[in-house]
Every structure is written in structure tokens, then in C-alpha cells.
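S.K.: Note that the protein sequences, when read in sequence, are chains E and P.
So for the first sequence, the working numbering puts the first residue at 13; every next one is plus one.
So for the second sequence, the working numbering puts the first residue at 2; every next one is plus one.
Read the hints as simulated data drawn from the structure, not as lab findings.
Only a predicted model underlies this, so the values are computations on that prediction, with no experimental measurement involved.
Errors might be hidden in some of the hints.
As the list claims (entries may be wrong) - In silico DSSO-like cross-links for lysine-lysine, where the CA-CA straight-line distance does not exceed 30 Å:
no., chain 1, residue 1, chain 2, residue 2
1, E, LYS941, P, LYS417
2, P, LYS415, E, LYS880
3, P, LYS194, E, LYS355
4, E, LYS355, P, LYS83
5, E, LYS173, E, LYS458
6, E, LYS880, P, LYS417
Claimed, not checked - Okay, the calculated bits of chain E under chain P, using three or more residues with CB under 8 Å as the criterion:
no., segment
7, 700-706
8, 855-867
9, 971-979
10, 990-1000
Just so you know, even glycine gets a beta-carbon here, dropped at the ideal spot from N, CA and C.
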Amino acid sequence: MFHRLSALFILTICFSLLLESQTKPVEGLRDHTPAVYALTNARIVVSPGNVIDNGTVVIRDGIIESVGANVSPPDDARIKDASGRTLYAGFIDLYSDIGIPDPEADRDQRNVGQLLRQIPAQFRSFLAAMIAADEVPEGTLYWNPQVRSYIDAATVFKPDKQKAATLRSQGFTNALAAPAEGIFRGRSALISLGEGDGNELVLRDNITQNMSFDRSAKIGGRYPTSLMGSIALIRQTLSDADWYVQAHEAYATDPAGKQRPEMNIALASLRDVVGGDQPVIIDTSDELALLRASKIAQEFNLSMWVRGSGHEYKRVAAVKETGLPVIVPVNFPSPPDVSNPEKARDVSLEELRHWNFAADNPLHLSEEGILFAFTTDQLDDKKKFLAQLRKATERGLSNDETLAALTTTPAGLLGMDDKLGTIEQGKIANIVVTDGDIFSSKTNIKDVWVDGHRFEVEAVPEVDVRGTWSVSVVNPEFEGTIEIKGAPERLSGTITFDEKEVELKPVQYDMQRLTVTFPGDSINIDGRILMSATVTQEEMFGSGTYPDGREFNWRAQRLEEFTPEENEKPEHRIERVDLPAVYPAMEYGIPQLPEQPQNVLIQNATIWTQGTQGIIENADMLVTEGKIARVDRDISPPGNAVVIDAEGKHITPGLIDAHIHTSISGGVNEVGSTITAEVNIQEVLNSNNIWMYRLLAGGLTTANALHGSANPIGGQNAIIKMRWGALPDDMLIDDAPKGIKFALGENVVRSERRYPNTRMGVEQIIRDEFQAAREYEQEWQRWEQTRSGIPPRRNIRSDIVLEILNGERHIHSHCYRQDEILALIRVAEDFDVTIRSFQHTVEGFKIAEALREHGASAAVWSDWWAFKVEAYDGTTYNARLLHDQGVLTAIHSDNTQLATRMNWEAAKVAQTGVPEEEALGMITINAAKMLGIDHRVGSLEEGKDADFVIWERDPLATNTRVEQTWIDGRKYFDIEDDEQMREEVREQRAQLIQRALDALEAGEGPQQARRAGISPFNEDYSCTEDHYEFH
Amino acid sequence: MNFIKSFSLVIIISLFCNALLYAQIPAPAQPHPVAITGATIHTVTGEIIQEGTIVFENGTITALGTNVDIPDNAEHYDAEGKYVYPGLILSYTNMGLTEIGAVGVTSDFNEYGDINPNVRAEKAFHPESEHIPVGRSHGVAITITSPGGSRISGLSAAMMMDGWTWEGMTLHAPTGLMIDWPTIDNNDDEGRKQIQLIKDAFDDARAYHRARAVSDDHRTDMRWEAMLPVLEKEIPVVVQANDVRSIQDAITWSESEDIRLIILGGRDAHLMIDQLTAKEIPVIITPVLASPARPWQGYDEIYAHAARLHNAGIQIAIAGGYGSANAMRLRHHAATAAGFGLPRDEAIKSITLYPAELFGLSDRVGSLEEGKDATLIITDEELLDLRSNVEQMFIQGRKIDMADKQKNLFERYKEKYRQLSE
């Protein structure tokens, strides 16, 4: 009984402190305390750049009534003297999950709820109500649980006092709170960071729809498992949302004879997103993710804001071009751990550079004119927000810009600039009170006003007890002095009688009450004396107890104010190392696109044209404006030509790899489904990839970046050139035919819990998918004829398969065994489709005639075999037999390390008896033909792209090196420049490591190392995973 | 360079017959002397002999030079324009202990538990492995077949790539004790525990041998019994270690144990040249065909590694990947090292003489000298050119069947297309 009563009592107290909902019946007496305040004598930063040096702000019932230098406080106002204080408008954080329950926590809470069945009924129902609010409604959701667009922050919001206080301590008065889980996460609500119940604190609901590329592990669902899968799901969902509106409109107009469109609240919740009526916020992990997001925004005409990553500075021009506002975190990294040589060795220049430059990010955004706002998101400790922000202002971001990004910019984005963002008449009284310039490290936030209520951030004692006081104790009489000093939260002091000083221990002071204890030695009393007193500015009156139990009175008079000692450590600021911007922002990055000379003439070389001219010795090659102009003997140089004497050297076309998996972000396989035609490698290309440079160093200029081999129908491919320093889209060969990855055999059948588990099933599911696409096409054709009724739903997966069936997209199929190859050929033939290429094709040599007759080409390894059963019949003679039988044959790598030395793979094919020129053709012109890009690359013939390699000697020799690699008539690799760049990389790393050591010594960081040691093999991903070099 | 490279007709025909009728039958003991003439002979220890002759009898080299008496009953092998090298030695592989990587039951190289010093590679060596003939076709005559995967994995053995049984194929065993040194950081408790496993094993083994010396009654412990040749420095420990700390920890430990150490891997070995040379620790580089682990390093960091260590005076050997299917790429690794600064003769030694020296085999194999085993290969072009073919191999004078699974498939499907074209 006692427990129940005390719990009720506690609840009552809580509620009485809260602001209550206006619809809730009042329990007890009504509260009509006036809420009128005047902050006087303040320095008022009305808005960025608009300052009143000495003025007054009047607040009435949560709203700013007046502001100005000459405003007199109204008679009913409580005057708060704000001399020495600076007032700023409250900050707004556009990216927060404050008050949004965590689905995982909910689950625990539900369990807890069950466990607490035995508690008294009224508490149980109270708990049950809390839990019920978190229950996910069932029945009309999207098929994929990662689509949680219907979750409404305003519905699930639960005030979180602690988080609100933390945000206030950094100057924030409002936050846009949004659900934080899933790919579509739900709708945000604008929250006041005061105290009260949800009805009071939610300012406005349904503001943005929040999205992410990251699936939530806390929510179920098999699909998607990769970044490209997330993008595909986002696109399909948005497309469905668009369809949903149309379908329901069509049905509402005339339901007769139509199938009722499904009810789906997840899609309904996206109604205003497609078309841009409701903004979406998407979070990004780097600058490339931002560019990916912007493409989705364009495609679906979204009004998008991006939660940035802090990496935007790396591609600030491209970010600017998207036109998207950026909500930017201040998660500037700690220095990398370089505290011993082993660790220092493992830190990349990319990491060091980012540490060095991260705090410049906001300045770059500002200089570029990008609309941006700050967020506390991405900070592990949100109490460090201001300290982090100050690092950005130290790098030159102006105070006005900084303030705008915290106040007027977010208010404007929210469309609430009439209510928030400045200290102006009529606005909500959200005000930050500081003791100086808020962006100076010496400044402290004293108070924050939210909705006209004052919240103390830093407790300022009304009376400072510190200083020197004369003490008189009566009965028996002692005269002496007390001195109190130290920091307010850790006071110390002494008491002196007869020039004998003893220490007060402890010294406690709170709410104008001082309590001290000291040993009686100085007054010849054995034991400890206890004293306390009430304190005003000038006097103390107190009482005390002697060790023998006698009680006494005492008083004190102030002799001196406290003066703090000036022994603060000088601030240790780690200056940025000035390094040139490079693209990508990592080792071997280049300052700009390599120049394209109007004319380049290479002279006296052995030129492997891989075209009709064959191999020409002592030949010249003229390149004009990025294209091959002529290959011949004795070409006379045009006047402005860059002439390269290549005597003794060999020139080949840039090498082409028909199968790689590098330069792909967020997973090479989408394993969440058996058929994933909708995912696209082009959407997830990663240009920040050191392997691109290494590939150039091996003479590789073009590659087919493919989805992995987990699915019978995998994802769409990307045919790229190794344009080091370019952005992902600029890596693509713009007129390359579209392609898609298929896969057969062991890899696709080994997941026991999904169809197919056999090669028989693989044949059937591909056939079924082709059939489905044809039927889908008919559905559309029927609708196109009448354009009446409910429009068919666009199915991106089927759209892509349809492109295959219509001959608009090449199939590149992973395969090993002859039976599966033949089976796919027959399926394709039944649908009048030609398989463009088989990849790996380990048993291709067994059915060369079938490949030839079908018109398929084959990409093979030179010598991989026996790493799995279906590779056991691998033979180095595969390419030779295929080639001899007239199959267009290419050598591929499927392994990035191998891709850096494809010339030697060709040499191994030559060993089996393939003529050398034809062997080289397997990594140049044949691969180009296979990929349908031979009009651009693959041979050195007039009109083709000037992609070529200058070799030290015979390209098939083992003692040959790439001296230069050119793409589009631009030199991307030069072995001499490489030497110089290594030196620069060494110098820059050394310089940054020294600076990081300074920072570590000054007490910053360190970051946790991402990995320990080095791996003995480093070959990046391949379809065969670790089977090649297993150990 | 523009001509088609092909096998000599003789070889093709013999291959064809072999493929159809015999399929890789182990060779009989050398029946009569053999004289290879007209070849460029890379003796490895001596000068290269141009247009030289090499004679061997009963499995042993009896003469070599430009002016050599050829016994009357010698089988004559005309190698004009061709090259003779010692049979290649692959110093780190699971050859014979695995067949298909993805099929667990075909993998016999990783015994259960952490400490397995007693398991012996030769005992489970599978003479019928299809990898053996394929390796031979690329010049590998001897493998140091090594257990792997445990902290102390077991004893390796030098295996000849031809024979009816593992006993007949064993050239020498054991050749080394395989140890995998953990990569650790400061305050890394798990790493420390792993290192302690190794240290304790050696402590326990010494205690065991002291106990055995004191009393014959002390019962047998298979593990510590097997470590005697290591403790007595008859064979080395082969310690896989790649980063600086692992390598240095291994060196310090091996000194305190007074045992012979070979570093396997040694990616960061160039950062402790001084210590490696002062202590005369050899390094087996594996593999050369790899890219650097750290993005700031030059693209050719690993390609040039062998040259860097060699130039600093460190004894090296070159191996490829551990998997038996990689045996065919052994010379590719050496050739790459040569392409990136290692003198070509040193590159050849790193896959012949140096492994022989490291594993105590150099009195018999690894170079072409009178009195040594006639274990050699004949190639049509220089060995370090990937376009060259190994035409013939002799192991202890036995003429090896050069067919293999891959060539057989080639012949089989050539026949298919011949039939189709009729």
C-alpha cells in the first residue's frame, strides 16, 4: 500500500511540473501565473548581421512582444537584467530523433510489460498505454518492412527531458524529430525543446518524410541487402506511390469493372512526396551518396534536403550543382592513431587528409553558396556541438554565416521563418542567453528560453561566496578570517585564527548556504568543528557545533571579492596543414583533369593496332582532340603537337577487362532476392578507389563493372573508363550498350532457403521471369490502347527484363559448366534473345560450337581452376579452343589485382598456342566487341578514343612495365610522375602524421584504428571470393 | 614475336597417345643414361652453359658442359635452341593435401586444434592429385608440402612430383615446422594468448625432452616428441609473419629458443633489413603477384619486394599462393620479381637453389651439378617468359609423363571439333 501511494505521489508531482494539454481536464487548481518578462540591457543579435548593442526584449506568453534599443518594459513584466549578456535566436536542429522510440527498445519494453503483469492494475494500464503507442499497425503496409513512411513522429513522440536539456545546453530550442529506422523512415515533426507533454511540445507535424540508403537491422526483411538494392527499393516505392494515387483516382471516378486498388497506408503516406509538395530528408555517408540522392530527387521531382556527411568539401562544386540544401554535421574526426610506427604505417593519406580538412567543410559550403544548416547529428556526444562548431569558425566561417545556418536557414527551410529563427516581434520566444560571442570558446550559454520559459543552462549562484571574510564566533569568542576559493563546483577554503591557518574540509555551498568543517587545532580544541551559515553579498549569519556538543553562533563580513587566478593553459590549437585539393581526395589524387593536347604524336614505336593494320614497327600514331587520327610510318608532326619519342617502346590499345567488381559501393551482390534486375551498378559506382589508379598503372583503361553472382538475374552493369579523378557518372562510357549480369550454377543454388536449389530450377526461374516480363508488356500495351481504367503498376524489375527481351540490354552471364551454358542458350533462343557473353565460361571449350552458333562471346580466365567442383575441368586451353572454334573470346579477371596485370594473362594464353596479336586482342578489341564498345575503344584505328598504353617493351614480356596510360587523349598515368607522386604522398603523410602527433599530445583523440595489421593477400572482391588464393 | 607458338609434333603426338591410353603414369627408374644436347643450361650455381650437354645416369647428373663425353648407350635428347633448368621447387603449398578448395572433405592440410607439431605432410600426400601433373607442366618438380591453418600446423615435407606412393615421392621429411604468428597490437589480450600458445609449446617440449633424458619411464607425448628436430636445429621453424611486429616478435622469440627461423610472407620485411641481415634470417616471399595492403604504397610495392630484400643482402625464396592450384604460377611470381628489379638469375635461384638451401635439399636438388639428382626441366623459351612451355621434366633421371588433366581436356575436345568438322 505504501508503495502504491508513493508512486502515485511521484506521478502527481511530475505532472504538476509539466505544461499540460489544453484539452485535458484540469486536476486541482488552475494555474494562471503571468508569463511576461523583459530582458533588459542586453546585446541582442536580432538576426545574422543585425545587432542591437543595448536593448530590451519583452516576452509575453511565449511570444516576443517587442524588441529594441528603446523599448521600455511593460508594467506587468518581470525584469531580468541581462547586462553583459548576448541574446541569440534559438538554434534549430533539422536532423534529430529526439523523443522517437527505438523499435528495438520498444520490443524490450513490450517484454518488460509482460514481465510486469503482477503490478497493480492502474500502473499496468499506464504502462500499457505507453506500449500501445509503439505498436506497429498491421494490415495495410507496404510489402517491404523497411518502408515505414507511415510512421508519424507526432504520433509516437515522447518527451525526452534529458536529450532536450542536452540540446538546449548547445543553444538549440527546436529540433525536427523524425523516426530513425528503415529506408523510408516516416514523417518528422518540429519539436520545442522545452518541457511539457507531447501536445505542448510538438509545434507542427508531418513536415518532412525521412529516408535513408541504409536498411535498419532492427527491422526485418530479406531485401535489400546492398546499397544498390536500397536505391532500387526507393525508386520502386516512389513509383508505386505515384501509381497508388492514380489507381485510386481512376477507381473513384468509375469503379465499374475494375479491380479495387489495394489500400496501402505506406504508399498513401508518400502522396505528397512524389512531385515535391512535401520535402524529404535523406542521410548520406559521403559526398558520392549525396550525388546519388540528388539523382533520385531529380527522377521523382522530390523536394530534397540532404543530411550531409561532412565530406561535401571533397566535391563541393558537384554538391552545389545539385541545388540541394545540406544539413551538415560537425563530426570532425579526431586525429588518427599514429602513436606508434606500426599504427602510423596503416593510416592512409585519405584518412589523414580528412582529419586535416574536415573542419573546413562548412566554410567550403558557404563559399560555394550552398544552402546549409547545422545539425548535432553524427556527434556521439552532443554536448560537444559548440566546441566542434567553433573549429569551423576558426577555419574562417563567419559568425553571421554560422548563425544563419543555425537559425534563419533552418527556419526558412521549414517554412517557419515567420515564427522562428530571429529575435523579432511576433516570433516564438526562443532565445539563447550567453556571456559573450557564442562562437568564442570562452563563452558560456547561461540560459535558454523556449516558448517564453527560461531554462537554466549554467547555474549562476545569486551570491558568489568566494572571497575573504572576517569571522567572529561568539561564546567563546574567536576572531579570525575565512577564505573561500576555487571553481564554483569544487570549492576549497581555509579558516585562520591567531594566524594559524587550517583547511576547511569539505566546503559546500548551495542556494546561498555555506557548510564547512575544520579541525579545532588552531583554537586549541580537540576534534572537528561544524559550521553553516546563510550568505548574502556582504554578510553571513551562522551557527555551529563544537566537538563536545556545545552549540554556537557566528557571523562574517566580507573583506574581499574573489579574483580568479590567471593560470589557464593557453589554448592549444592545431593548425591545418595546407595541401592542394586533389581528386579523389586521397593518395595519388590529381589536382585537375589531365589536359588533352590538341595533337599528340607518338613516334618510332612498335604499335599493336589490334585493327586491320596489325602490328607496325617503327610507326607513329597521331592523336587529335582525344581521338586517334592516324597510325602510320613517318607522320609529320602538326605544329602544336606534343611529340613523344617512343623508340624501342610498344604501344597497345588501353586494356579492357570484361569482368571486374571494383569501384562498387555498398555491396556487389543484392542477395535479398533471386531476381534483381532492378539494381544497377551505375548507381553505386565509387570513384574514391585507389584500385583505379593501380589499374591505370597496369595499362587497364576500360572495364565492365558487374553485379556479383548470387542471383540468376543479377543487376545492371556499368562500363567504365578509369578516368581517375572523375565523378562516377563521368567514368561511364556514355554510349555503351546497356547490360545485365546473369549467373548460373553453384553460386545461385547454394542458398538453401530460397529458390532455386538446382540448375533445373535456375533454368525455370529465368524462363518464368522472361515470360512474366512479356505478360507485363502485354498488360501495358492493352492499357496504352484505351488509356482507360486503372493504369498498370510500373515494375522496374520487369521493365529491365523487357529491355533484355527487346534486344536493348546485353546479358553477361556467369557460368561454369557446359550444361548450364547450353540451357541458358536454349531459354534465350525460345525468347529470341542472344546471350551477349558468357563470363568465366570455364567449360566453354566443351561447347564452343553452341556458343558460336548462338552468337555468344566468352570471357574466360587464363588459368583459374579447381577452386570448386564446377571449376575442376578448368584448363588453360579454354581460350585457345574457343578462339580456334571462332568464338569471340576475351580474357577477364574477376579480381582486381589480376586486372592490374592483364597483359601477363594474355601472355599465358599465348603460351597455349594462340598467336600473340590475337592473345592481346583478348584483352583489347575482343573485350570491346563483347561489350559493344568497339566503336570507341579496343583498337588503335582512326576515329576511336585515344586510349592507349606505352609499354617499356613487348607487352607480353614479364619484364615490361607500363610507362604511360592515356584515356581520351589525356595522360592519366606516367611512370615518372608516379615516382614523384609517391614522394609527395610520403611527404604529405609525414607532415600530417607530425601534425596528428601534435594533436594527440594536446589531448585530442585518437580515433580507433579500423584494422590491425595487414592482410597477406589483397585482391579485392571476386565472384569466386577467396577460392583463388585461399590459404 | 608474331609467330604461332606450338608444341613440337613429337610432343603433341606423345601427349595425344598418353591422353587416350595411359593418362599420366609414373615413370620407371632411369633405365639408361640420358644426354640432353644443344641446350642453354642454367646450372644456377655456375655459369650458364651455351649449347651445352648434360648427361645423367641412374638418376644422378654425371657430366655437364660444352665438351662432354656421351655414353654409347645414352638416350639422346636434342634440345637445340632450348633451355635446361633445375626442376622448380615450390617452397610453400598444400599440394597433395587438397583437391577442390570449396569442397571441405578434399582439404587435408588443417588438423583440429591449435598445436599440431606432430602431423606430417608426407603421410597424407595424395599421389593421384590432378594438381601434380598440372604443376609439373609448369616446371614444378618438388613441393615443400606444408600443413597450415593452426597456430602450429605441423611438419612439412619435400615431395617429388612423380611416383606411385607418397613414400616413393618423398624426397626429404620433415623439412620444417609450420607456425602462424599472430598479428597483435599493444594490450591485445587475445593476441598475447595466441603467442603464449606458441611459447608454451616450446617450453613444454623442452621440459619433455629433459624429463625423457632423466627417466626413460616418462610417457610419450606425440607433440613434443615430434619437435626434437626443431629444438636440435636440424630443421627450421617456418613462421608466417607479415607485419613488422609479428616478424620482430618471431625473431626475438626464435633467438631465445635458439632455433632456426625462416620468415614466410614477410610483407614488411624491408622495414627491418638491419635485423634480418644481422641475424641472417631468410624470407620466403609469398606471393609476389599482389597489390599493397596500404593505399599509399606504390602499385609495385609487392612486385619489387623481392628485389628490395635481395639487394639488402637477405636470402629469399619465392613461393606463390598456398593453394595447390597455384603451383602453375610459380615462375610467374619469380618472373614478376625479375621484371621489377630482381636480377633474372636470382629470380631463377629463388625458385630452385634457394628453397633447396633453406630446406636442406641442396646436396641433391636446386642446381645442376655433377653428383646431384637429375631433377630438371627443358623449356622451349626462357623460363621467365610466360609464353614458354615446359617440354620435358626429369625427376631423378626419370622421364616424366608431361600429360595432365588440362592438356587431356584440350586433346579430348580437339577431337570433338575434329569430328564435328568431318
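S.K.: Please go over all the hints and tell whether each is borne out by the structure.
M.R.: Quick rundown of the hints versus the structure:
no. : hint                     : in the structure
1   : LYS941(E) with LYS417(P) : 27 Å, holds
2   : LYS415(P) with LYS880(E) : 25 Å, holds
3   : LYS194(P) with LYS355(E) : 21 Å, holds
4   : LYS355(E) with LYS83(P)  : 50 Å, violated
5   : LYS173(E) with LYS458(E) : 18 Å, holds
6   : LYS880(E) with LYS417(P) : 25 Å, holds
7   : 700-706                  : holds (count 4)
8   : 855-867                  : holds (count 4)
9   : 971-979                  : holds (count 3)
10  : 990-1000                 : holds (count 4)
Hint 4 from the list above is the single one not met by this structure.
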